[in-house]
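Line by line, the protein sequences are chains R and L.
According to this note's numbering, the residues represented by the first sequence are 997 to 1249, in order.
According to this note's numbering, the residues represented by the second sequence are 49 to 649, in order.
It should be emphasised that the hints constitute simulated quantities derived from the structure, not laboratory data.
Heads up, the beta-carbon is just placed ideally off N, CA and C, and yes, glycines get one too.
Don't take every hint at face value.
Here are the in silico distance ranges between beta carbons for each label pair [stated by the list, open to error]:
hint: 1; chain 1: R; residue 1: Val1013; chain 2: L; residue 2: Gly584; range: 50 to 58 angstroms
hint: 2; chain 1: L; residue 1: Arg573; chain 2: R; residue 2: Ser1063; range: 23 to 31 angstroms
hint: 3; chain 1: R; residue 1: Gly1224; chain 2: L; residue 2: Gly162; range: 52 to 60 angstroms
hint: 4; chain 1: L; residue 1: Arg301; chain 2: R; residue 2: Glu1083; range: 49 to 57 angstroms
hint: 5; chain 1: L; residue 1: Gly162; chain 2: R; residue 2: Lys1137; range: 47 to 55 angstroms
hint: 6; chain 1: L; residue 1: Gly162; chain 2: R; residue 2: Ser1063; range: 46 to 54 angstroms
hint: 7; chain 1: L; residue 1: Thr606; chain 2: R; residue 2: Gln1141; range: 53 to 61 angstroms
hint: 8; chain 1: L; residue 1: Arg225; chain 2: R; residue 2: Asp1095; range: 23 to 31 angstroms
hint: 9; chain 1: R; residue 1: Lys1128; chain 2: L; residue 2: Thr245; range: 27 to 35 angstroms
Stretches of chain R that chain L covers, calculated by requiring three or more beta carbons in the stretch to come under 8 angstroms of a beta carbon on chain L [what the hints assert, rightly or not]:
hint: 10; stretch: 1076-1083
hint: 11; stretch: 1109-1121
hint: 12; stretch: 1168-1181
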Amino acid sequence: MKKQTASVIEVRDVHKVYGSQQTTSYEALKGINFQVMAGEFVGVMGASGSGKTTLLNLLATLDRPTSGVIKINDQDLSQIADRQLSEFRGQQLGFIFQDFSLLENLTAAENIALPLDLQGVNKQQSRAQVEKISRRLSIEKFIDQYPAQLSGGQKQRVAAARALVNEPRLILADEPTGALDSDNARDLMELLTQINQEDHVSVLMVTHDPFSASYCERILMIKDGQIGQTIERDGQPRHDFYQSILSDLGTYR
Amino acid sequence: MLLKLGLTGIRRRLADYLILFSGLIISSAIFYLFMSIATNEHFLKQNISISLVTQVFYFGVVLLTVIAIVYVWYAQSFLLQMRLQDYGMLLTFGARRSKIDQLIMIETFVIQFGSTIIGIIVGAVLTQFASGALAKMIDFKLTGLNVGSVTSVVTTLVIFFILALFCAITSIISIHRKPLTQIIHAQQQANQRMVTTNKLFAGVIVGIVLLAVGFIAMDRIEQLRLMAIVIALVTICFGSYLLIGSLFTLIIRLLRKTSFSSKNLRKFTMGQLEFRIGSYTRILTMVTILFSLALGAITVGTGYYQQIPVVSERASAYTMNLTNPSTKAQKLIKELNVQKKVVYHQISAGKYVYYNQAELKQQPFQMVRTIKDTTSVSAPTYRNIPNEKLIQSGTEQAMFKELQDPSVRNKEIIILTPAKFKAQTGKRAALTLIRVKDLHASLPVLKKLAKYQTAAQQSGMETSNGYNMYLVANSMFGGLEFMGLFLGIAFLTMLASCLMFKVLSGTRADQRRYHVLNNIGASQRQLDWALVTEIGTLFIIPAVLGVSYVALGLRMFTKLMLSPYHTFGMASLMFVGCYAVYYVVTVVIYRQLVLKDTKRG
Ligand SMILES: Nc1ncnc2c1ncn2[C@@H]1O[C@H](COP(=O)(O)OP(=O)(O)O)[C@@H](O)[C@H]1O
Ligand SMILES: [Mg+2]
Chain R
997 MKKQTASVIE VRDVHKVYGS QQTTSYEALK GINFQVMAGE FVGVMGASGS
1047 GKTTLLNLLA TLDRPTSGVI KINDQDLSQI ADRQLSEFRG QQLGFIFQDF
1097 SLLENLTAAE NIALPLDLQG VNKQQSRAQV EKISRRLSIE KFIDQYPAQL
1147 SGGQKQRVAA ARALVNEPRL ILADEPTGAL DSDNARDLME LLTQINQEDH
1197 VSVLMVTHDP FSASYCERIL MIKDGQIGQT IERDGQPRHD FYQSILSDLG
1247 TYR
Chain L
49 MLLKLGLTGI RRRLADYLIL FSGLIISSAI FYLFMSIATN EHFLKQNISI
99 SLVTQVFYFG VVLLTVIAIV YVWYAQSFLL QMRLQDYGML LTFGARRSKI
149 DQLIMIETFV IQFGSTIIGI IVGAVLTQFA SGALAKMIDF KLTGLNVGSV
199 TSVVTTLVIF FILALFCAIT SIISIHRKPL TQIIHAQQQA NQRMVTTNKL
249 FAGVIVGIVL LAVGFIAMDR IEQLRLMAIV IALVTICFGS YLLIGSLFTL
299 IIRLLRKTSF SSKNLRKFTM GQLEFRIGSY TRILTMVTIL FSLALGAITV
349 GTGYYQQIPV VSERASAYTM NLTNPSTKAQ KLIKELNVQK KVVYHQISAG
399 KYVYYNQAEL KQQPFQMVRT IKDTTSVSAP TYRNIPNEKL IQSGTEQAMF
449 KELQDPSVRN KEIIILTPAK FKAQTGKRAA LTLIRVKDLH ASLPVLKKLA
499 KYQTAAQQSG METSNGYNMY LVANSMFGGL EFMGLFLGIA FLTMLASCLM
549 FKVLSGTRAD QRRYHVLNNI GASQRQLDWA LVTEIGTLFI IPAVLGVSYV
599 ALGLRMFTKL MLSPYHTFGM ASLMFVGCYA VYYVVTVVIY RQLVLKDTKR
649 G
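Could you build all of it, start to finish, from the sequences and the hints given here?
Written out as structure tokens, the structure is:
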């Protein structure tokens, strides 16, 4: 397959200020610039409170920047009306969260089908898509169980399936391995890598775990609301990249 | 130290505790209000003339106790759910279980007893104001109302003390049964229990049978007396519980399999409903019972309200009869909205009282046409009485004589031609008969006008006209009417607070769920709709059941009223209207709480 060169995310001079009064306002993002190309796997790292979640929320269209431009799939988010945002989110983006964010009152299958239900996809097609993604993520066996009956790793797979079911071109993940043990974290990262490489789905992942970050091709280091440094993998083996992240973290902090 | 721990727990979740507190205050206030009337035999005896109603009232108290148990129990699980994680944390830090037990005891008692005491004060104020306002509204004089009765204060305190103790003990037992991990991860607990479809079917059938037994017992109230109420109480409560629990789950389970569910957030809403059925069943049963009691009480109350004027209008064709009304009285008559006003001039001399034939011909004397259907509450129709009937003895003549001034009543009636009447000598007078269009609306003026009636009429010795009949009927039925409206309003308040409580206590978990939905692309419209249908379902179930229960249960009142069903439609409409307002308010508050951090798109 040919690697696409179009940018999936384009962020230009984005600022985010929380609070309106001067005394209480806080600038969480202070001029962020970066691009994510189609099919890229990009990590965002930074200390707690550095603005990672804020950035991800802006990309996820859950919040609007105070100033600056964000384009996703070449669409300027500021041009999309509030009412259309949820549809945009449902069609173009997939989300994976640290806490899995599964709904306990729906079975795994129903959780996965939810984004399709929301878009009015008919039942047959929806079922076919759920089956396809479940087979791909090897979760068919427990698809009819409720989240409470699943382990953390299984839950995160179900969550990944839900993020992928509507075949988005971009996956946004906020510390997806944060609640997993190392084995399950490795599994999930391998899964994300596989999807990224085979299906050319771009991934933007926020993490503070160097191990998870070592699966990325490029890492944006964010500090006090600004991108301080970018670490490129440049085709290094994963283990070497892991070491260089560790050493970079050492000097960077 | 422990007290401090317990109290800091309260301070940290002030909003939740406020919900809990206000809910408990309302329940104990209503309970007290009820008790203060139910335990006041003096009051009941003085104001209610039909002994069966006293029993109905006791039935209300028993039911209210059951409801209070469920209510308090429900509040306790809300409290426990709130505190479970804190307890888990304390346990992991090495606190002994006995410490936790003490903590639960202290918290439960501080909350429940505190709210009961405030509730009693609120209840006393409510009793004073609500009953005063109501009595005024329905023009009924209450006697012997005792706002601060010792018996009801003690009863309320004792009952709520037992409830608090019961709650604390069951909470402690339930915590002891749980392993530590479950206590710590309380919030992530999935509390669904899977019941097989066969069991659900069985539940539906048993539920229906129980309900049937209950309604049959109510139908036999004349034979079974108080037993009927006891049987109905038990079977209807359990029957509703089973029916709601199983039928509801069954329907959702079936719907969930159809393609109807795979659109928008329907599956989510059904999941929400099925998932929490355990806790919903209890509250829905309670609300159903409250709903039907309130609606029933209001139907009966408004029924009496309607019945009183009907009874009065049937008693006489004329609302008021005055002989030689003074100019002041004439002025008052002008203020009335009169349907008919006739003046018959009379001359009394010796053993006779003379009337003018022309006047009687022009405006014949009228009487209420008797109707066969005893349950009818339609406005009366009138028939003209021919003059011959007035000069023969019989009911017609008796009726006419009664309306005359006592001084001429024993004289023989003679009807003269206009010329002879003119020439007749004797004491001249004018008998004025008035019939108003709307008795209720005319009451204030009629009351003033009544001062110009004869002494016998004023002292209540005579009920020859509609107004005097009204006074009698009102003193007879007014107590019933008051009770009906009072019960209805009390239950409605309880109902509202129950549902509010239920809804607000579910927000914490729902907030997260709706947030997730928003993240994965649910539009504001879809979220709103999910919310509206979820709460709507919860409101509709008790309403449908409640209206049907009342429709069946009203048969019990056929012996006590002209037609208990007459006001049923109106009362239902009114009640459902109020209920709908509560629904809208609940949705608005819920939406505010649940969607507060999901504002985008
Ligand atoms: N809704 C908000 N209102 C005000 N300040 C916020 C809000 N969300 C985040 N912040 C502040 O912005 C900064 C960045 O937060 P966040 O993006 O959550 O950091 P990270 O995810 O990297 O830990 C923090 O100092 C945080 O306190
Ligand atoms: Mg964060």
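Going through the hints against the structure:
1. R:Val1013 - L:Gly584: 50 to 58 angstroms: violated (40 angstroms)
2. L:Arg573 - R:Ser1063: 23 to 31 angstroms: Holds, since L:Arg573 and R:Ser1063 (Cβ atoms, about 29 angstroms apart) stay within the stated range.
3. R:Gly1224 - L:Gly162: 52 to 60 angstroms: holds (55 angstroms)
4. L:Arg301 - R:Glu1083: 49 to 57 angstroms: The hint (49 to 57 angstroms, Cβ to Cβ) is violated, given that L:Arg301 and R:Glu1083 are roughly 31 angstroms apart.
5. L:Gly162 - R:Lys1137: 47 to 55 angstroms: Given range 47 to 55 angstroms: holds, Cβ gap about 52 angstroms.
6. L:Gly162 - R:Ser1063: 46 to 54 angstroms: Hint holds: Cβ distance 52 angstroms, inside 46 to 54 angstroms.
7. L:Thr606 - R:Gln1141: 53 to 61 angstroms: holds (55 angstroms)
8. L:Arg225 - R:Asp1095: 23 to 31 angstroms: Given about 28 angstroms between the Cβ atoms, the range holds.
9. R:Lys1128 - L:Thr245: 27 to 35 angstroms: The hint (27 to 35 angstroms, Cβ to Cβ) holds, given that R:Lys1128 and L:Thr245 are roughly 30 angstroms apart.
10. 1076-1083: That given contact holds, which follows from 6 residues of the stretch 1076-1083 of chain R lying within Cβ reach (below 8 angstroms) of chain L.
11. 1109-1121: Our answer is that it holds, as 9 residues pass the Cβ test (under 8 angstroms) against chain L, meeting three.
12. 1168-1181: violated (count 0)
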